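Number of protein chains: 2
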Amino acid sequence: MLEKITITSPFWRERQQIIAKEMIPYQWEVINDLKQVDIAVTNTGGDSSALDSDKSYVVENFKVAAKKKQGEANPGKRGGMVFQDSDAYKWLEAVAYTLECQDAPELRAKADQLIEIIGAAQEDDGYLNTYFQVIEPDRKYQSLYMSHELYCAGHLIEAAVAYTMATGTKKFLEIACKLADNIDANFGPEEGKIHGADGHEEIELALLRLYELTKEERYLKLAEYLLLIRGQDPDFFTAQQRRDVELGRKSLIPGLEIIHPDFKAPYFQSDKPVEEQMEAKGHAVRVVYLCSALALGAVLTGNERLKRAADNYWRNIIQKRMYITGAIGSTPHGEAFTGDYDLPNDSVYGETCASVGLIFFAHNMLRERHDGAMGDVMEQALYNTVLAGMNLDGKGFFYVNPLEANPYLSKVNPGLRHVLTRRPGWFACACCPPNLARMVMSLGHYVYQTKQDTILSDLFVDSCAKFNLAGQHITLKQSTNYPWEGTIAYEVQEAGAAGFKFAVRVPQWCEHFSLKLNQHELGAGAYELKHGYLYLKEHLHQGDLLELTLELKPMLVEADPRISADYGKQAVLRGPIVYCVEEVDNGANLQCLHLGADLEGHYEDKLLGGVYVLESHGQRRIRPELGQEIASPLYRKVQPAQFEEQLIKLIPYFAWCNRSEGEMRVWLNPQP
Amino acid sequence: MLEKITITSPFWRERQQIIAKEMIPYQWEVINDLKQVDIAVTNTGGDSSALDSDKSYVVENFKVAAKKKQGEANPGKRGGMVFQDSDAYKWLEAVAYTLECQDAPELRAKADQLIEIIGAAQEDDGYLNTYFQVIEPDRKYQSLYMSHELYCAGHLIEAAVAYTMATGTKKFLEIACKLADNIDANFGPEEGKIHGADGHEEIELALLRLYELTKEERYLKLAEYLLLIRGQDPDFFTAQQRRDVELGRKSLIPGLEIIHPDFKAPYFQSDKPVEEQMEAKGHAVRVVYLCSALALGAVLTGNERLKRAADNYWRNIIQKRMYITGAIGSTPHGEAFTGDYDLPNDSVYGETCASVGLIFFAHNMLRERHDGAMGDVMEQALYNTVLAGMNLDGKGFFYVNPLEANPYLSKVNPGLRHVLTRRPGWFACACCPPNLARMVMSLGHYVYQTKQDTILSDLFVDSCAKFNLAGQHITLKQSTNYPWEGTIAYEVQEAGAAGFKFAVRVPQWCEHFSLKLNQHELGAGAYELKHGYLYLKEHLHQGDLLELTLELKPMLVEADPRISADYGKQAVLRGPIVYCVEEVDNGANLQCLHLGADLEGHYEDKLLGGVYVLESHGQRRIRPELGQEIASPLYRKVQPAQFEEQLIKLIPYFAWCNRSEGEMRVWLNPQP
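Taken in sequence, the protein lines are chains A and B.
Read in this note's numbering, the first sequence has 656 at position 656, and its numbers run on one by one without any break.
Read in this note's numbering, the second sequence has 853 at position 181, and its numbers run on one by one without any break.
One chain only, chain A, in its complex shape (with noise of 0.2 Å):
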């Protein structure tokens, strides 16, 4: 297994430098109301208005609710959404992981004094969710079609699980068990108990994780529990929101109804038993957080159920519903998927959390099956659609990532309303922006895998890791200036005398590579290509040099033609990294551009902290001066096309939106 692993790539150091040094510390004052920031409304369809537009509330609520328990008769206001105490678990868990890239003793103690705060809320018995402990103790555990309990938990959980892993510290892990054995003893098949689960998957995943880090059957047990139970009732939700407006309980979620069009079964993959879920339905964070659920209790339990359900969710989002950014989620509407092949760019929701969500799914994955393809997705997502959800200074967050945008639109359209195209400090609802930062922070786990005897190298990272094989200590060194650059080399630092397997992910958009061993190029006879891995037939040894070379060149791609937004058009894309224009570079109405025939490109450090940047001799559509025309000067009868000639200029994607505000797009036009 891994044990360390130093990440050491320019590109990502960078942006771990810019989480550690000015999201973390922006999002503790945030979290802390130490200053005020200006909170974006969310896209939710909920109603921020009746939220305090200057004020986060999340570490003034612990500190309610302790002195609540505590009996002061007022012990002040709790504040925010239903769901606010996970901002603070979630700023934990990127701090756990910064912890592990960097000693930070300042940030640590931050974060043991946050971990004292929530100790001091929980109760005795350890239920712990301040919105209910305040202001709503009558209710625990009996709305969680939306309470978040569960959810809240499941990140506390997992933050305490990598904060115990960083730090060794056992007083966060104390608080999450005694959550989970709360949880454990109000939820499961028992009499008494409840048989369901949280609306908003989240616990699953986290309960595994803590089996992981315990190994106490219990949580492994629970885990499995609660995700086989969903769907048993497809009316479990429902039954729930009927009787809270009976009771004439509000609504969880400000300016939306308790019972809403939105808010049916499938929105929270309860309609079925999930084996027989076979289309991802509903909200899009809630199916991937339960995808990567079944796909790490199908490793560690070995239930066929939960296998065969990851394998149904896998391939309908993958083939069918996601995004060539790897972005996932084609409607505001309930934050969820539509129907396959229905992949709008303007319209599309595209949620940064949701695309965090594929990416633990993908993983999870990936550990079970060592399929690369899984590998591909996780990559395609991590450096368009998760990159894209910050600004390059780490101070703007995305919630929605489009993959066309036109501010005019975006005003005048209400139904693209939900389409930002400048990247606010805050959200109402925040939790994009701290999954980022632990997405990028904890970038370490992706990077390797081992299965048995072999290491898988999964990303391409310049770093050093340390492994743990079989008692084999291997310390491997990555180089490599990827994603701009194609070559990696694996320097063998440390192995025992028996050496060690090797394989190495080829992505499918690589259409040739070149291997070299001790500078010796290797031929087709010296390795094994299987599910887009390539494995090395010898082992390596200490002191072996393995170099692979990516061609990494531009390429055009086209979507299957059942994807009406994208008939006709292509992307571009030169190793993971997906092309946009925007109009900063190349004026308004990017529909008219076409490309050209070349496509040639360079790295230019100066721009938007140093990209790869493409061009092409394209042209561009101009409106002819006269024309027969059709009731209206809008149409007229077709005449030959008109172009002007235009270099293009193509930027990653990731890096939109990060000069002037305008219009960006994808899926561009062919050559004429």
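Honestly, the hints are just simulated from the structure, not real lab data.
It is possible that some hints are incorrect.
What the hints assert, rightly or not - Distance condition first, Cα-Cα at most 20 Å in a straight line; then the derived SDA-like pairs of lysine to any residue:
1) B/1309 / A/561
2) B/944 / A/412
3) B/1202 / B/1126
4) B/936 / A/417
Being a predicted model, the structure only gives us computed values, none of them experimental.
Given chain A, put chain B in place with the hints provided.
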């Protein structure tokens, strides 16, 4: 002026007969609740589940109001939308135009009976609106942003004007004048009166028409006042909204909050004085009803401010915000206009009523400007969106008229759920069906206009028309099989010795035409082409036979490249008829079709009630079996496109959705 016109065109007679024999009796049963109808949810965003789904209450409401007026303790229940009364008025208006076309004593009796009931409900001071009379008498004229009181009044007045002109009876006109007088007593510049107008324009046009009939100057002044007060106080409607919230009053649209993001000043065209409104904003029907009144007001008053406002609106709508089908309103959110060149084909609203209103606007502009391009717009909206608003059997109606539809996507994508792919029998908000009925039944009023001593032929409709031109009696028989054939023969059956001047609109789509007078070809010297009309230099006299032949051939049309949704695509027109492809003829995945080089047509009398169909030897793009995948089988390295030959069948757009439910598309790919 035109004295009488008899429509003999099989194309139009058939539609008028369906309306007279099917729709009007059907609507009578609906408004009288004589039959249970399956009422579709509206697309306004309102919650029609708050309404009885099987009862319209239209006529009953008047009876209830009359009983309440008589002081009955339990007069009964008033039901339906706040503007439910208008359904009765639009029905009566359609009946009036029907009585112009044919004797129908039974229908006349029903109408007279309904007029009695309406009269019985009218209060002594002239006020008439069943919602406010029965449910909230203390709220009269206080919630004008959404009360529809003057809107309903306008429909009553329009119906009364039409009924009076058709039957010569005065009863209905008396009710109308009494109601207009009530409005005059309550609205106006004088102190103590309301200095504002209705949130939904309609009264303005109605008062102008009432003035035209009665010559009562007060009505003209009141109309002018209501037009010009609009937007003088941009807070007029929003202040009423705030006051209603303060008073704890309920929303007048069930399910929609009083203060709602869709219902701000621009939604009501009240953010600026009308002559400063440079863009069509807000609710599309409101906009065109306003515009129709501005244009007619300009004709009747000569007021330059009205003229300028009408011009600004015309320019913006026609040059930047209209679909090729004459549909307007790009979004279901507020049933509204969005922005310039924003004309999505799939998520469009394109309300039938809005295109009816656009025809009113175009017709009133035409009355003043005599610009054939305005007639072209009128014709485009009439033959495409308006006719598409009903099933060929007259038993189903569209509210929304997409240019691209897919039943699967309408089901799975909530952003498209307003786009129905079957015409429902009725709507909870039933504005469109009776609006369409009155439009088609009044068609005769749009065929000709007179301008001093000239008769202008605007629409090509087989008919016989009688004019009184400064005392001279003229009978003009128009013979044509338009829109399927392009020859139009005008036979002067009666005229005075002086004869008369004559002009014919030559549509912009017509590239070549020929003209014969009494079998002799007329050269270019015999006429003048001016602003879209061909003016004969010589007078026409009794016995003259003028034959105009418009070359009618299929034409490929392209959109302004700034319309992103249509970029690179072509629409097929033949004369004013826009064509479309349907799944039933061409299979699914219509986005994969490419037109061929040819486009041949023939008339099929057995198909869709008799239509001219077009066929093209085109191609269908097929998905290659293999190809280098990028993370998903959805995305592949570009390879040469593969096609299979397919004979593409196109039908007139207005006839879509009359066979099996399936995909439909207007904008098609060109030859590859």
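Results of checking the hints against the structure:
1. B/1309 / A/561: holds, 13 Å
2. B/944 / A/412: Roughly 18 Å between the alpha carbons, so the hint for residue 944 of chain B and residue 412 of chain A holds.
3. B/1202 / B/1126: holds, 14 Å
4. B/936 / A/417: Distance ~16 Å between residue 936 of chain B and residue 417 of chain A Cα, so the pair holds.
The structure shown violates none of the earlier numbered hints.
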